[in-house]
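If you read the sequences in order, they're chains A and B. For the first sequence, my numbering begins at 1 and goes up steadily by one. For the second sequence, my numbering begins at 1 and goes up steadily by one.
Think of the hints as simulated: they come from the structure by calculation, not from any bench. Nothing here was measured: the structure is a model prediction, and the numbers come from that model. Treat the hints with care, since some could be wrong.
What the hints assert, rightly or not - Selected chain B positions facing chain A (in silico; Cβ < 8 angstroms): (1) W11; (2) P42; (3) H52; (4) D58; (5) L75; (6) D77; (7) N85; (8) F90; (9) H96; (10) L98; (11) L109; (12) P110; (13) V112; (14) G115; (15) G147.
Said to hold, decoys possible - Far from chain B by the CB rule (all over 12 angstroms, computed), these chain A residues: (16) G4; (17) R8; (18) Q67; (19) R149; (20) D166; (21) R180; (22) E248; (23) L304; (24) A310; (25) T361; (26) V372; (27) G383; (28) P387; (29) V388; (30) A390.
Built from N, CA and C at the ideal position, the CB exists for glycine as well.
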Amino acid sequence: MKLGEAARVALEAIRANRLRSGLTTLGVVIGVLAVILLVAIGQGAREEITATIEDLGSNLLLVFPGQADLGQAPTRSRFTLRDVEEVGRELGDPGRVAADLVSGEVVRARNASAFVSVLGVTRTFPNVVTRRVERGDHFSASDVATGRRVAVLGASVADELFPGRDPMGATLTIAGLRFRVTGVLERVGASFGPDRDAQVLVPITAAQRLFRDSRVDAIFVRARTTDSIEQDASRVRTVLSRRFRADEFSILTQQDLIGVAGRVLQLLTLVLAAIAGISLLVGGVGVSNIMLVSVSERTREIGLRKALGARTRDITLQFLLEAVVLTGAGGFVGILSGTALAVMADRFSPLPAVVTGWSVTLAVTVSVAVGVLFGVWPAWRAGRLDPVAALRHE
Amino acid sequence: MTAVVEALDVWRSYPLDGVEVHALRGVSFTIRRGEYVAIAGPSGSGKSTLLHLLGALDRPTTGVVRFDGRDLDDLGDGELAALRNQRVGFVFQSFHLLPRLTALGNVALPLVYRGVPRRERLERAAGALAAVGLADRTTHRPNQLSGGQQQRVAMARAIVGDPQLILADEPTGNLDTTTGDEVMGMLRALHEERGTTLVVVTHEARIAARADRRIQVVDGRVEEAP
Numbered sequence: 001m002k003l004g005e006a007a008r009v010a011l012e013a014i015r016a017n018r019l020r021s022g023l024t025t026l027g028v029v030i031g032v033l034a035v036i037l038l039v040a041i042g043q044g045a046r047e048e049i050t051a052t053i054e055d056l057g058s059n060l061l062l063v064f065p066g067q068a069d070l071g072q073a074p075t076r077s078r079f080t081l082r083d084v085e086e087v088g089r090e091l092g093d094p095g096r097v098a099a100d101l102v103s104g105e106v107v108r109a110r111n112a113s114a115f116v117s118v119l120g121v122t123r124t125f126p127n128v129v130t131r132r133v134e135r136g137d138h139f140s141a142s143d144v145a146t147g148r149r150v151a152v153l154g155a156s157v158a159d160e161l162f163p164g165r166d167p168m169g170a171t172l173t174i175a176g177l178r179f180r181v182t183g184v185l186e187r188v189g190a191s192f193g194p195d196r197d198a199q200v201l202v203p204i205t206a207a208q209r210l211f212r213d214s215r216v217d218a219i220f221v222r223a224r225t226t227d228s229i230e231q232d233a234s235r236v237r238t239v240l241s242r243r244f245r246a247d248e249f250s251i252l253t254q255q256d257l258i259g260v261a262g263r264v265l266q267l268l269t270l271v272l273a274a275i276a277g278i279s280l281l282v283g284g285v286g287v288s289n290i291m292l293v294s295v296s297e298r299t300r301e302i303g304l305r306k307a308l309g310a311r312t313r314d315i316t317l318q319f320l321l322e323a324v325v326l327t328g329a330g331g332f333v334g335i336l337s338g339t340a341l342a343v344m345a346d347r348f349s350p351l352p353a354v355v356t357g358w359s360v361t362l363a364v365t366v367s368v369a370v371g372v373l374f375g376v377w378p379a380w381r382a383g384r385l386d387p388v389a390a391l392r393h394e
Numbered sequence: 001m002t003a004v005v006e007a008l009d010v011w012r013s014y015p016l017d018g019v020e021v022h023a024l025r026g027v028s029f030t031i032r033r034g035e036y037v038a039i040a041g042p043s044g045s046g047k048s049t050l051l052h053l054l055g056a057l058d059r060p061t062t063g064v065v066r067f068d069g070r071d072l073d074d075l076g077d078g079e080l081a082a083l084r085n086q087r088v089g090f091v092f093q094s095f096h097l098l099p100r101l102t103a104l105g106n107v108a109l110p111l112v113y114r115g116v117p118r119r120e121r122l123e124r125a126a127g128a129l130a131a132v133g134l135a136d137r138t139t140h141r142p143n144q145l146s147g148g149q150q151q152r153v154a155m156a157r158a159i160v161g162d163p164q165l166i167l168a169d170e171p172t173g174n175l176d177t178t179t180g181d182e183v184m185g186m187l188r189a190l191h192e193e194r195g196t197t198l199v200v201v202t203h204e205a206r207i208a209a210r211a212d213r214r215i216q217v218v219d220g221r222v223e224e225a226p
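Same shape as in the complex, but just chain B (with noise of 0.2 angstroms):
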């Protein structure tokens, strides 16, 4: 299987109040296409800054990261937000829902980036709520939503442009374990209907079982589990 993502040797260092704090010291993992794997660790063990690398949003200080076998270091702010923006669906621990646009807005908006005519942003958006089983929802702005539900909206904008990729930070640290189980069981069910490789990062031993592999960080480190 092709690789996905690649970290070679990856160091991630910034300074703190004076002192340089390393998030990750040499951690090298690969992420094969279609793979559903969690990064599992305590907070602080440097699984966010990890992510952030995997979805160029943030570049090492030293060390490696490929995506689709393109060294992210040779990318330009323009190249690396196409990247973003074509290859990456992001779903976060606070959803980050803009709350004047609708649920049909905030869906469509990676769309808009990519340069998409307006009526063919908003069907591709109905369709991706429908997927999350939000059709009846679309016309809602956040603040009109339960937890779940804008949980379900950020996943519609994460699939709405196709990604290779979905990277889930924390996807359940803001919801109930009921809620958080249906966010994890329609995450599961989109990587396999579609065959999007996905990554979540949790703290959760629970939610990270559920993957079909684990990559334990520990102090910055990779503790692969079988």
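With the rest of the complex left out, here is chain A (with noise of 0.2 angstroms):
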């Protein structure tokens, strides 16, 4: 029988069976379309974060203690100030340099009271990690050297602790201190890693203070230009070096960072195929399942085929195909409506989702592979069925 005929004959069963088998096909639909969207969502939120990264700009070094590594437990940090001062005066320009001491923290207005990361950041923050105070003003030079209580919120905190109100000279509470709000941040929005509109800016002399500790957690350095980073970061080094062992600090680019979020992220959009990928095997087993019920039901039919002279490869073929178009079509949905289910939720969910040519050569392999791989052995016991017993089955 030539490969058109059996196809005929499959889909003609296939119709016969409406229901069931849109039933089979709908377990291999949404395999597909769980591989498809979820494996979306993790390259959306990948190139959402290296988009926030990359918004730091290209030419910041970032100075942590400790190894930045995967896996590494943060180790506490033994920065001062003094080392951010010796930092500025090695590079000639205390202005490229800031540093910040963060601490998560209950802050209140009134009624309203909010879980908010606290920075302490030196005058220069803004500048070095290019956060734009859009009304009022960042500290200033005397704020910092006297560690006066004053506040610049990010953008969220000042809508979630004043609403409809006017937050500029108001006072609010940290740690049972009061502060007084001279500014408010440009809102930068992001969906993942740290929300970045949810920070409170105070002093970082203020804060060490307020946290009773002198520590600096980390050191923040511009370079001039991008040609002149690895040049900075040696003469960075050199300065720490001598209060540090190698061992005890880390300083990373930009292109660093984007590394190791784009590993982390490439497990996570990995974890989340895998899972999907289960949904869409679950779905094989399904076709399997009703593949050997429809032999089972078919067994006169496979009697009479063989009678009217179909051979063993002929039955098998039909079986075969069967199995094939029922996960092809619903790979096939299966793909359309993913895309579809990404597309909707980038545009009207806060997730961002982008469909990547990858996991639709995937879903689309993976399930003719099913359809094949479960197929195959319900097909061959049909196949192999004995026409004399087939065709007294009742």
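Fit chain to chain and form the complex, with the hints in mind.
Take a look at the structure:
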């Protein structure tokens, strides 16, 4: 029997059992849809985080305590403001060096309260990490020198603590101490990673007093040009090496960060794909199950076809094609609906989603492979049926 | 006259609940070209087993079945399938029509496995349906046809490939007497008009009596009547 003929016979059988064929296909549709959608979301997260890191600017150096490595426990910082000053002196421009001290705190204003990241920062911080104070002013040199209790709010903190009110000049309390609001930062907006709009900036000296700690969590250096990054990095390393062992701090560029984040998110995407793959596998088992039922239901048909001259391989081919058509159709519908859902998620929900070519290719290949894999056994059993016994089958 | 099918000391045994059952115990006979033979016997006598062996649906446990002089034991799966497809037409007691196909589709089915192009298939199927008097029922599905009509569709399917041999297994078993007689009359007509060899398996003496020759099967052995 020719392939086209076998396909026609398979389609006839599928049409004769529309509901069952539809439900069987649905399992594959959901599996393929899940693969495409979840991979799209993983990919979307990756691209957004990469973009967020790129926003930091390509000539930013980040100096962290300890080794910035995956799976490494955070190291307690031993940096102090003295190190920040020395780095500034070494580079000959303290304005290019900033530092922060971070702590999660509950802040209150009147009846409202919010859990935010309180960042004690140097005066240079907005310039170095490119944050813009949209309203009011950033701290002055004297605010930082004296540890004055003033605060610059992230956009969403301002919304949350002062709904419908002007936060400028108002007061809020951090860990029970009152701070006066002097400015509001421009909104950044990000769905992944730390929410940079949910931050409150205070002078680093005030933060050190507040948390009774003289440490500095991170030092930021803005190189003059992208080309001078390496040079700046080595000078920072020289300064810090006077006080710290080489493994007590690390200096990262934007590219390093993208690399680390990229690896994490690649893993996330793969995990999502694997989970979705399981549902595709379950869909495949469903196909196999239905094919077995179909073979046993159509035992008499198989016996008859053999009596009329069908060879073993004609029967096997017929049932195999049925399985492949079911999963292939499922794959097709799954790709369309998965892509549609990903586009909708990207547009109407905060989740970014980017459909990738490889996930579509993977879904198509896997769904057809599932059809063959899970169809072969039932089809083989169908082909091997003894025609006499099959004809007598009730 | 040349032999279409020959059985030489054919035994067919199969295990049933752990016991070896002998459906046929050393059967020998010859069916010659153009004959109309009845294989008669009570139910359980082994006559259906015999029919399956003649139609190359089954192989003997021991002994030889020759079709057109060729030992079926020498043929592989593909050759047996081709033999059933081109040389044999089956008519079954329960018709065995595919419910989702029209009468035309059912009749054309053997030609699918012969690789006949679709248009020619449908033309030949229409011709076969006309030969059994169902030219006006081509687009009906089996459940829209009476029992007698369904058996006539099955007969059209048996003759559509111009086989040498028609094997009918209790063709009237599911029909009332009148319809059964019509079907038998039609089988005889096809046999006479086309010169096709016809073998009918039946447990009814009345049906067996219509044949030119009778092979009586009792307890897996043949007692040939004159």
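Evaluation of the provided hints:
no. : hint : result
1   : W11  : violated (16 angstroms)
2   : P42  : violated (18 angstroms)
3   : H52  : holds (5 angstroms)
4   : D58  : holds (5 angstroms)
5   : L75  : violated (12 angstroms)
6   : D77  : holds (5 angstroms)
7   : N85  : holds (2 angstroms)
8   : F90  : holds (5 angstroms)
9   : H96  : holds (5 angstroms)
10  : L98  : holds (6 angstroms)
11  : L109 : holds (5 angstroms)
12  : P110 : holds (4 angstroms)
13  : V112 : holds (6 angstroms)
14  : G115 : holds (7 angstroms)
15  : G147 : violated (17 angstroms)
16  : G4   : violated (10 angstroms)
17  : R8   : violated (9 angstroms)
18  : Q67  : holds (68 angstroms)
19  : R149 : holds (83 angstroms)
20  : D166 : holds (75 angstroms)
21  : R180 : holds (82 angstroms)
22  : E248 : holds (77 angstroms)
23  : L304 : violated (5 angstroms)
24  : A310 : violated (5 angstroms)
25  : T361 : holds (35 angstroms)
26  : V372 : holds (22 angstroms)
27  : G383 : violated (9 angstroms)
28  : P387 : violated (5 angstroms)
29  : V388 : violated (5 angstroms)
30  : A390 : violated (10 angstroms)
In summary, the structure is inconsistent with hints 1, 2, 5, 15, 16, 17, 23, 24, 27, 28, 29, 30 from the numbered list given earlier, while agreeing with the others.
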